[in-house]
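S.K.: Next come the chains, spelled out residue by residue.
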Amino acid sequence: MDGDRRHLLLWFFAAATAVKLLLIPSYRSTDFEVHRNWLAITHSLPLSEWYFDETSQWTLDYPPFFAYFERFLSFFARLLDPKIVDLHKGLDYSADSVVYFQRITVIFSDLCLLLGVYRLTRKVETLKRNLICVLVVWSPGLLMVDHVHFQYNGFLLGWLLLSVSFLQDGRDLIGGFLFAVVLCFKHLFAVAAPVYFVYLLRHYCWAGLATGLRRLVALGSVVVAVFAAAFGPFIYNGQIQQVISRMFPFGRGLCHAYWAPNFWVFYIMLDKGLAFTLRKLGFDVQVPSASFTGGLVGDSSPFAVLPQITPLTTFVMVLLAITPCLIKAWKKPQPGLVARWIAYAYTCGFLFGWHVHEKASLHFTIPLAIVAVQSLEDAKHYFLVSIVSCYSLFPLLYEPQEYPIKVLLLLLHSMVMWLGFTALYSDEKALKKEGGEIKSKFEMGCIEKGYLIGLVLVEIVSQFLHPYFLGDRYAFMPLMLISTYCAVGIMYSWIWQLLKILT
Amino acid sequence: MPKKNLSGDGTAAPIDTWWWLSHKGTTTSFLCISLFALLIRSAVSMFPYSGAGTPPKFGDFEAQRHWMEITTNLPAIDWYRNGTHNDLTYWGLDYPPLTAYQSYIHGLLLRFFNPDSVSLFSSRGHESYIGKLLMRWTVLSSDALIFFPAALFFVLVYHRNRAKSQVAWHIAIILLNPCLILIDHGHFQYNCISLGLTVGAIAAVLCGSEVLTCVFFTLALSHKQMSAYFAPAFFSHLLGKCLRRKNPILSLLKLGIAVIATFVIVWWPYLHSVDDFLMVLSRLAPFERGIYEDYVANFWCTTSILIKWKKLFTTPSLKFMSLAATVLASLPSMVHQIFSPSNEGFLYGLLNSSMAFYLFSFQVHEKSILMPFLAATLLALKIPDHFNHLTYYALFSMFPLLCRDNLLLPYLTLHLLFTLIYHSQLPKTKASSFSFTNFPGYVFLLRTHFVISLVLHVVYLTIQPPQKYPFLFDALIMILCFSYFVMFAIYTNYTQWNFSSHFRSADKEKKQI
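Heads up: the sequence lines are chains A and B, in that order. First residue of the first sequence: 1, per the UniProt record's numbering; consecutive thereafter. First residue of the second sequence: 1, per the UniProt record's numbering; consecutive thereafter.
If we strip away everything but chain A, and leave its shape as in the complex, we get (with noise of 0.2 Å):
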């Protein structure tokens, strides 16, 4: 039976694979020429020039763990084609080898993401796993980021699923162990820090004073080895400065180009729209001379009428955000909803983040499928909130070339899910009768129906009818719009999510 259920797993992936593969044409973004060149200066400089090379504009500004994974993948780059790993003939280097091998240490490194999957999935019963599977392996925004797009979030949920699972099974030493190395893989992971540090304190380490402190001491130190397996060779050379002002950039915005699909949409929306009403009132209001997306500029505020946001507020926010779970946790804490916690923790920093890009909304997406399959309500707001985020990650492929795929992907994904959740929450005695009418209880609420619908709108009028009627004027107005519709949706997922770990 394991045999089975193991092939059916790879099964799974094999068929992803696939895919995966006829998708090695596509569209690259700068991501692509932003890894290449990590490969690059992991290959071509020593260590104490990692983090200080400005060859190339896109510099190495994840934690050094993904260092050294560049440093490995740069290793077998220089066999196949010495010139990818060149730090200056190497620049925007596109030929078929260096695509051909970065798309595919990709698809290799998914499997990461297949262990996670395998490890989290053991004691489930089958349909419950391989819905799961196809949720997480087949996810069309991991496709749509991973092996367009160009990433490799596969890889690093892969570790993250891997510590969620060893936390589902009460190991937490190994739990907290892998999360600390997926911190050190990228920093981004942080946001679930909280939930992490107080649900290992209460659940590991509250156990009587002599065992607690022994526990507490042997979670620090492997946590503290981890960081300095990662930190430590910068921290020897002096350059943990450097390092640090290289991983937190605070010459940003508070939007990326493109508005992530959050609560600041909202805040500059309100803004914008009060702006406009006081100055048709009468009241001298100063158009602000920043913008939303470049950096701070002294002391001049984007905003025309409502307070300035600085980095420290979203902070503040996302904390205040994830505050209600940390107490539930502390309160009880139970493996079986670590997840769910951790899903929350990371939709909170997604809607409350400083810069925040559409991509970051698959960390929490991702957790998510594995609390779907729990009961009805789960996959109800899974079915919603992964074909908004999905849809939210639309404008990151504009070029026509990839339009029916992503459009298949999403369509195709709603269409398994719906049937998967269908099949999940049916009538058992209707499927004994082969061939009867089967009734399932998996049925969407009218205002999501009608929402889901909206998002088919939204597509249409910001991809047929706005360039038709408008042009290339008012430019921003098609994405804005779906800006602001995706992010009415996970306000949306983030209350659900927030009401259904407080009762």
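Here are the simulated PhoX-like cross-link-like pairs (lysine-lysine), alpha carbons at most 20 Å apart as the crow flies: (1) A/K439 - A/K380; (2) B/K164 - A/K439; (3) A/K331 - A/K500; (4) A/K380 - A/K500; (5) B/K24 - A/K441; (6) A/K380 - A/K128; (7) A/K500 - A/K332; (8) B/K24 - A/K128; (9) B/K24 - B/K164; (10) B/K319 - B/K308; (11) A/K128 - A/K439; (12) A/K380 - A/K449; (13) B/K24 - A/K439; (14) A/K380 - B/K24; (15) A/K328 - A/K500.
Okay, the calculated bits of chain A under chain B, using three or more residues with CB under 8 Å as the criterion: (16) 7 to 15; (17) 393 to 405; (18) 409 to 417.
The hints are simulated quantities; they were obtained by calculation from the structure and are not laboratory data. Where is the CB? At the ideal position from N, CA and C, for every residue including glycine.
Chain B: place on chain A using the hints.
M.R.: Only chain B this time, still in chain A's reference frame:
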């Protein structure tokens, strides 16, 4: 909870792992699988097309673009005629009028979005991002609008009275036809239209509506003359059915009128004079190109290694010989259908007649394997093991062509995808009285074939052929595929012929599927 089947002795039969995908009925599973099929097609479309970046002649892509240019700029009567604006030596139209009409409609679309790609003369060799995209989307839309609905029609009719557990597998096999995807969406052609119309005709036969069959099949013939590969099967089956009616002459007349009416409507611009009609016909049958071209795994090309047909015989005598051979090869299956027509026998008949044409006809191309392969996908549930091997060798016979088009990665990926789908749910076959596996050397023969083919894959890609024989490896691939196709044809002909003996022994009143 998934269904569990418990057989009599208490051991649990394998749980049907895909029930959750197909529990909402055939049409819903079809929709789901067709979304995936369209996704695969869109992804393959990103790869190069035939003749990409190879002036002055380019390839099939340029031919299709040129036809759009000709049909949108010239009146219909001039499309097949050599003239100042229409130089027939540069990719002249060599398919029947329905292809021309389809090129016209697509040409209008291209002209609306990218006029430079279809402007008379100046657009020769036009290659651009948006031009390629629009052309690819015309194939994608033709597939979605013609092939997919026809496949749905077929699946609904074929699985009417069968257990529903294998519908999804069959749909996936039909829609994810690797040869069709690679040729239509990779190399670039519009086989999906004629094959779709043919599938529609086949479904109409299974449904019992023969007039519809005639209409669809005539349309298919009017799109690509290669659809004639299936003509003996249609003809013999319909003849057999009509002969069993109360008034055979009337039934035949009805069908004849349907064929003629459709034909007249489609060919109307060219029926005003005999000259016009013959002008089109001469374009459809380019006998001067010889009995074979390149290295195709059929009888004439393979045996030409030993018997130099082109040197020993003149073209007219070769024409006669190939006609005779083709008729002889398709005769058993035709005779069988005339005397005992049945739906199942009809499907075998399609496979046998198209295979006979592929093996013995005049001027066969590697791409023509699509015809027998389509018939095999429709029959896949009945001959799963043989179908598995046929897919492998059909793809392998196109391997040199795909390598020339730089479609190696899609080739390998579609092999992988097909294997995954095939093994996702192995259909259960009844043990037949005749099985090749009973023959002592068959399994060994098959295994050696497979090993040799793997070696040839690697050799073709890595080693340079010797100067004296630059096409050595192509020839080796051709021989290997030909030998498998012959074994396959023998098996399917025997099975069809054996079919009638099953009927004679079984209850005659039993309704056939």
